[in-house]
Amino acid sequence: MVTLNFNCLYSHSLAKERLILRKNEIMRYMGQRDTEDNLIMAQTDKLLPVVCDALNLKGVFTIRKIDSINSKALISDNLTIKSESLMKNLDGCNAIIIFALTAGAEIDRLLSKQAHISPLNELIVSAIATEAIECYADIWTEEIRKTFEKSNLYLKPRFSPGYGDFSLKYQQDIISILQTPSRCGICLTDKLILTPSKSITGVVGITEAYTKCIESDCSICEKTDCQFRKFKPDTKQQNFERRNRI
Amino acid sequence: MNFLSIIDKKIMFFDGGMGTLLQKKGLKSGELPEKWNIDRPDEITSIHLDYLNSGCNILKTNTFGANGLKFSDTGEYSLEKIIKAGIDNARKAINLSDCSNEHFVALDIGPCGRLLKPLGNMDFDDAVELFAKSIRIGADYGVDLILIETMNDLYETKAAVLAAKENSDVPVFVTNAYDTNQKLMTGASPEAVCACLEGLGVDAIGLNCSFGPEEMKPVIERLCKVSSVPVIVNPNAGLPSFKDGVTTYDISEEKFAQVMGEIADFGVHIMGGCCGTTPAYIKALTDKLNGYVPQKVTRKNLSVISSYTHAVEFGKKPIIIGERINPTGKKLFKEALRNSDIDYILNVGLKQAEAGADVLDVNVGLPEIDECEMMEKVVTSLQAVTDLPLQIDTTSIDAMERAMRIYNGKPMINSVNGKDEIIDAIFPLVKKYGGLVVALTLDENGIPETTDGRVAVAEKIYKKAAEYGIEKKDIIVDTLAMTISTDGNAAKNTLGALETIAKNGGLTSLGVSNISFGLPQREIINSVFFTMALSKGLSGAIINPHSAEMMKAYHGYLALSGLDENCADYIEFAQSVSVSSQLSESKLKNEAPDDVSLKNAIIKGLKDSAYSLSKKLLETMDAIDVINIEIVPALDTVGKGFEEKTVYLPQLLISADAAKSAFDAVKEKISTSGEAKTQKCKIILATVHGDIHDIGKNIVKALMENYGFDVIDLGKDVAPQKIVEEAKKHNVPIVGLSALMTTTVPAMEETVRLIHQELPGTKVIVGGAVLTQEYADTMGADMYAKDAMEAVRYAEKLN
Numbered sequence: 252m253v254t255l256n257f258n259c260l261y262s263h264s265l266a267k268e269r270l271i272l273r274k275n276e277i278m279r280y281m282g283q284r285d286t287e288d289n290l291i292m293a294q295t296d297k298l299l300p301v302v303c304d305a306l307n308l309k310g311v312f313t314i315r316k317i318d319s320i321n322s323k324a325l326i327s328d329n330l331t332i333k334s335e336s337l338m339k340n341l342d343g344c345n346a347i348i349i350f351a352l353t354a355g356a357e358i359d360r361l362l363s364k365q366a367h368i369s370p371l372n373e374l375i376v377s378a379i380a381t382e383a384i385e386c387y388a389d390i391w392t393e394e395i396r397k398t399f400e401k402s403n404l405y406l407k408p409r410f411s412p413g414y415g416d417f418s419l420k421y422q423q424d425i426i427s428i429l430q431t432p433s434r435c436g437i438c439l440t441d442k443l444i445l446t447p448s449k450s451i452t453g454v455v456g457i458t459e460a461y462t463k464c465i466e467s468d469c470s471i472c473e474k475t476d477c478q479f480r481k482f483k484p485d486t487k488q489q490n491f492e493r494r495n496r497i
Numbered sequence: 089m090n091f092l093s094i095i096d097k098k099i100m101f102f103d104g105g106m107g108t109l110l111q112k113k114g115l116k117s118g119e120l121p122e123k124w125n126i127d128r129p130d131e132i133t134s135i136h137l138d139y140l141n142s143g144c145n146i147l148k149t150n151t152f153g154a155n156g157l158k159f160s161d162t163g164e165y166s167l168e169k170i171i172k173a174g175i176d177n178a179r180k181a182i183n184l185s186d187c188s189n190e191h192f193v194a195l196d197i198g199p200c201g202r203l204l205k206p207l208g209n210m211d212f213d214d215a216v217e218l219f220a221k222s223i224r225i226g227a228d229y230g231v232d233l234i235l236i237e238t239m240n241d242l243y244e245t246k247a248a249v250l251a252a253k254e255n256s257d258v259p260v261f262v263t264n265a266y267d268t269n270q271k272l273m274t275g276a277s278p279e280a281v282c283a284c285l286e287g288l289g290v291d292a293i294g295l296n297c298s299f300g301p302e303e304m305k306p307v308i309e310r311l312c313k314v315s316s317v318p319v320i321v322n323p324n325a326g327l328p329s330f331k332d333g334v335t336t337y338d339i340s341e342e343k344f345a346q347v348m349g350e351i352a353d354f355g356v357h358i359m360g361g362c363c364g365t366t367p368a369y370i371k372a373l374t375d376k377l378n379g380y381v382p383q384k385v386t387r388k389n390l391s392v393i394s395s396y397t398h399a400v401e402f403g404k405k406p407i408i409i410g411e412r413i414n415p416t417g418k419k420l421f422k423e424a425l426r427n428s429d430i431d432y433i434l435n436v437g438l439k440q441a442e443a444g445a446d447v448l449d450v451n452v453g454l455p456e457i458d459e460c461e462m463m464e465k466v467v468t469s470l471q472a473v474t475d476l477p478l479q480i481d482t483t484s485i486d487a488m489e490r491a492m493r494i495y496n497g498k499p500m501i502n503s504v505n506g507k508d509e510i511i512d513a514i515f516p517l518v519k520k521y522g523g524l525v526v527a528l529t530l531d532e533n534g535i536p537e538t539t540d541g542r543v544a545v546a547e548k549i550y551k552k553a554a555e556y557g558i559e560k561k562d563i564i565v566d567t568l569a570m571t572i573s574t575d576g577n578a579a580k581n582t583l584g585a586l587e588t589i590a591k592n593g594g595l596t597s598l599g600v601s602n603i604s605f606g607l608p609q610r611e612i613i614n615s616v617f618f619t620m621a622l623s624k625g626l627s628g629a630i631i632n633p634h635s636a637e638m639m640k641a642y643h644g645y646l647a648l649s650g651l652d653e654n655c656a657d658y659i660e661f662a663q664s665v666s667v668s669s670q671l672s673e674s675k676l677k678n679e680a681p682d683d684v685s686l687k688n689a690i691i692k693g694l695k696d697s698a699y700s701l702s703k704k705l706l707e708t709m710d711a712i713d714v715i716n717i718e719i720v721p722a723l724d725t726v727g728k729g730f731e732e733k734t735v736y737l738p739q740l741l742i743s744a745d746a747a748k749s750a751f752d753a754v755k756e757k758i759s760t761s762g763e764a765k766t767q768k769c770k771i772i773l774a775t776v777h778g779d780i781h782d783i784g785k786n787i788v789k790a791l792m793e794n795y796g797f798d799v800i801d802l803g804k805d806v807a808p809q810k811i812v813e814e815a816k817k818h819n820v821p822i823v824g825l826s827a828l829m830t831t832t833v834p835a836m837e838e839t840v841r842l843i844h845q846e847l848p849g850t851k852v853i854v855g856g857a858v859l860t861q862e863y864a865d866t867m868g869a870d871m872y873a874k875d876a877m878e879a880v881r882y883a884e885k886l887n
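From first to last, the protein sequence lines are chains A and B.
Mapped onto our numbering, the consecutive letters of the first sequence carry residue numbers 252 to 497.
Mapped onto our numbering, the consecutive letters of the second sequence carry residue numbers 89 to 887.
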């Protein structure tokens, strides 16, 4: 049985060997569609172990009780979130998980280094690292989802600040609640940019009503001309903005 | 108070985790715990008292997050009031306590919550000032020591330590938070952390938080092996983990104390706890180690330098110091310095790293440039792209100090010599910032001609260093290689002095290639001299790591002198030598067949072929024709494909890479033939203020350069005023701005407005993931480019 220990901060980390990176996703993050290009594939294969070596996957999460919720806002203890799109996502939930995950700071150093070697390398490293953090988030969600389902509790898809009308400013609350600077190294700049760049923060709803949690859906996003949009189902936006994914 | 005298007799105990207890008393998550210093002082004092009663000696004030980013200068919860109350609460607890132990109050300083550049957007100097503000208050209200804790970035740690050293006289302790990979989050190994912090004069170092004591053991062992100052261990009671839906804490009080007992045997002197360690944990710990006599703190006498990731030790295996970042005798390098072409300099560094350098010498002195500014730029930029430690090589004391201050690690310093004036300028810097110093054996009377004369200068420098509190281990003597072309005994004298110093336990280095100045086929002399010097005990060689002869001598020497176990490194080196020569032959066959034109090589993204084909064409064609007939049409074909969506971004970039190497051949031809350069107009590119993502800007830059524009890349997070200043200075007709986040679009708008106001004729192109035509119109930009090709096309039209 799951014991919902509210407000406790849980650390999480993942051995990078557990990641299974999808080449088609890496290509998509690069903007390479339809066709395979042998030279680009070869360069990606060359850089894959370099990126994996720099990965340091870790994060923090906490579970919070929802004290009250309506279609516009929720209150959980001293935290109030106003966002219609998030509330739509959290429909029927009585608790939320707040999480922050990162691929680590060494990825950003690697990006700087590769940018000086060639912008192609930078693009490839960025795409691989994006796939790594997305894959990590999926594995983390899956672990948690399985645990909760044993107690007939179900998870809603991940929902991040920046998505819909869920303002980026809530990242400040998330960072502060999870104490991420000291717990896992995720910091926020004054312009609300997460560092390390390959980091994701967000909210996951917990509900007693059975729901099928579908990640990786872009259908809600209005930016239909996005070159990173998934064909079916679609997903939005550039790699580092993908922390916003539902 | 003398910590060291107590520490050799018994373990000193820190308290445990304040946050854990505050939560139990009702602190809400996300609430600032430091406010309780003022709102609920009795609760804080009572927690301190509980810890004192469980046997601890050092109380951490409740000021972990008390910094200028969270608390303002004035008001009910001003920074000063928060810190003062924090200290008062701890002092009150000590007064109330009836324990007979020695008690100390440590000003607790945690991470500031922002990541420093280049990984984040906080300036190093701003971070120092931020910490200094809190530390000045702590020092004014009389704390006994400063504890800088839970730091997971070495650079931020250095900023906090400098702030502490510059603003207080009390001992400074540092504990870092390591990951399970035994590194800090930003990559530093325990040895690198130790080298840097000992260099800065920290009084005790260690680790805290992250995990429980058992998991900390490997890092503690490594730290104890290298640290010459007392080691501190403040673990968590194991973090709560979410196993099968049940919250579990890893370790009980008894188990905590038992493991800490084992850890004490590693040679630890100061122990306590972090998250989850309640007074019960500290009680169990102090009971367990009551009467325990720790090992004596010993000087480890290691000669080390470090980067932000790793330490390099001198005195075991000879160290290769790459000499190529130096303008002396290099036309292109000088030009790069004059044009602030940092990319060129970084590439020189990256190539040396690839060729096997352990350390990079950095000399950017030219009479006509501001060396201090350039040194800072180059050191900062190099540390963003390579993890090799740097040797700061300058005669400018200002440039030296600036570089030592902003360097992330413990640098190598090039150089001091026997002149009093130089000694008195350099050694105080070494004492303050740490460093391994190259000592040239020359003084006011010049370079002694004899072996004994040079040894005498070295002895004088050692003596003077000791007066400044700098140990012999941090001096590396350069006995000065002088050319044999004018003095047949030059090598003998140099090597004689080197041998004597090495035999007396000193470190030695040489700028090897000077030996052959004025002679033909210099590599022959250089490599033999290098081998001779190695056999006399050379510890560090400043050489060109691209020289095959030098690297052959080096790897051969290591294998022959028992410094290469199983000849493993030699075998790898030998293979790389033979493979690369075979490869280059097959490459020529595979990639440059007669029927592939340069144009096609670029379209297909064949980088090596593009270079060799370009070179071949330049034998019979003018540079301008190679560009206009082959390179530009190739780029146009690919660009058109991109616009028509038959070519995608990676393919566009791979062709850009190939075009760049074709241009490299053109540039080489121009630099030797003196043929006039044909360049299009200047363009400034920048990622706007507050934005730290620059991949989009880098892509535009690569394409613009290929199309012949003279790109001035101002980097990321660039203030509007700076962009305008540079645009004025270089008289540029086009500025390209990139923003990737909605939160930084206002900064872009401000930049556009400022450019149009101050430079009405200058056109502004804007782009980035969150931008749209509508946004661009609203802010008054001249052009919205949805991708890099659109930006190029627009610039072409204007040119």
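Keep in mind the hints are simulated off the structure, nothing from the lab.
One thing to keep in mind: the hints can contain errors.
Straight-line distance between alpha carbons at most 30 angstroms, and here's what the computed DSSO-like set of lysine-lysine pairs gives [unchecked claim]:
1. A:Lys-274 / B:Lys-692
2. A:Lys-316 / B:Lys-885
3. B:Lys-817 / B:Lys-728
4. B:Lys-687 / A:Lys-267
5. A:Lys-420 / B:Lys-97
6. A:Lys-297 / B:Lys-687
7. B:Lys-169 / A:Lys-274
8. B:Lys-112 / A:Lys-420
9. A:Lys-333 / B:Lys-123
10. B:Lys-205 / A:Lys-267
11. B:Lys-371 / A:Lys-339
12. A:Lys-274 / B:Lys-733
13. A:Lys-420 / B:Lys-885
14. A:Lys-420 / B:Lys-733
15. B:Lys-817 / A:Lys-297
16. B:Lys-624 / B:Lys-692
17. A:Lys-397 / B:Lys-757
18. A:Lys-297 / B:Lys-728
19. B:Lys-439 / A:Lys-420
20. B:Lys-305 / B:Lys-371
21. A:Lys-274 / B:Lys-422
These numbers were taken from a predicted model, which means no experiment stands behind them.
Structure-based check of all given hints:
1. Restraint check for A:Lys-274 and B:Lys-692: satisfied, since their Cα atoms lie roughly 21 angstroms apart, inside the 30 angstroms limit.
2. Our distance criterion of 30 angstroms between C-alpha atoms is broken by A:Lys-316 and B:Lys-885, whose separation comes to about 59 angstroms.
3. Only pairs whose Cα atoms come within 30 angstroms are accepted, and B:Lys-817 paired with B:Lys-728 is rejected, the gap being roughly 34 angstroms.
4. For the given pair, B:Lys-687 sits about 42 angstroms from A:Lys-267 by alpha-carbon distance, which is inconsistent with the 30 angstroms threshold.
5. Taking the CA atoms of A:Lys-420 and B:Lys-97, the gap is near 52 angstroms; set against the 30 angstroms cutoff, the hint is violated.
6. A threshold of 30 angstroms between alpha carbons decides the hint, and for A:Lys-297 with B:Lys-687 the separation of about 26 angstroms falls inside it, so the pair holds.
7. Pair hint B:Lys-169 plus A:Lys-274 does not hold up; C-alpha atoms about 55 angstroms apart against a cutoff of 30 angstroms.
8. At roughly 28 angstroms between alpha-carbon atoms, B:Lys-112 and A:Lys-420 fall within 30 angstroms of each other, so this suggested pair holds.
9. This hinted pair checks out: A:Lys-333 and B:Lys-123 have alpha carbons roughly 26 angstroms apart, not beyond 30 angstroms.
10. A hinted pair counts as satisfied when its Cα atoms are at most 30 angstroms apart, and B:Lys-205 with A:Lys-267 qualifies at roughly 26 angstroms.
11. With a CA separation close to 50 angstroms, the supplied pair B:Lys-371 and A:Lys-339 exceeds the 30 angstroms bound.
12. Using a Cα cut-off of 30 angstroms, the hinted pair A:Lys-274 and B:Lys-733 holds, with the two alpha carbons roughly 21 angstroms apart.
13. At roughly 41 angstroms between alpha-carbon atoms, A:Lys-420 and B:Lys-885 are farther apart than 30 angstroms, so this suggested pair is violated.
14. Taking the CA atoms of A:Lys-420 and B:Lys-733, the gap is about 36 angstroms. The hint is violated against a cut of 30 angstroms.
15. For the suggested pair B:Lys-817 and A:Lys-297, the alpha carbons sit about 42 angstroms apart, so the restraint of at most 30 angstroms is broken.
16. Under the criterion of a C-alpha separation no larger than 30 angstroms, the hint pairing B:Lys-624 with B:Lys-692 is inconsistent with the structure, at around 53 angstroms.
17. Restraint check for A:Lys-397 and B:Lys-757: not satisfied, since their Cα atoms lie roughly 64 angstroms apart, outside the 30 angstroms limit.
18. Proposed proximity of A:Lys-297 and B:Lys-728 is supported: the alpha carbons are some 29 angstroms apart, at most 30 angstroms.
19. Straight-line distance between C-alpha atoms of B:Lys-439 and A:Lys-420 comes to about 42 angstroms, which puts the hinted pair past the 30 angstroms bound.
20. With a CA separation close to 21 angstroms, the supplied pair B:Lys-305 and B:Lys-371 stays within the 30 angstroms bound.
21. As the CA atoms of A:Lys-274 and B:Lys-422 are separated by approximately 43 angstroms, the hinted pair breaks the 30 angstroms bound.
When the structure is compared with the earlier hints, violations turn up for hints 2, 3, 4, 5, 7, 11, 13, 14, 15, 16, 17, 19, 21 and for no others.
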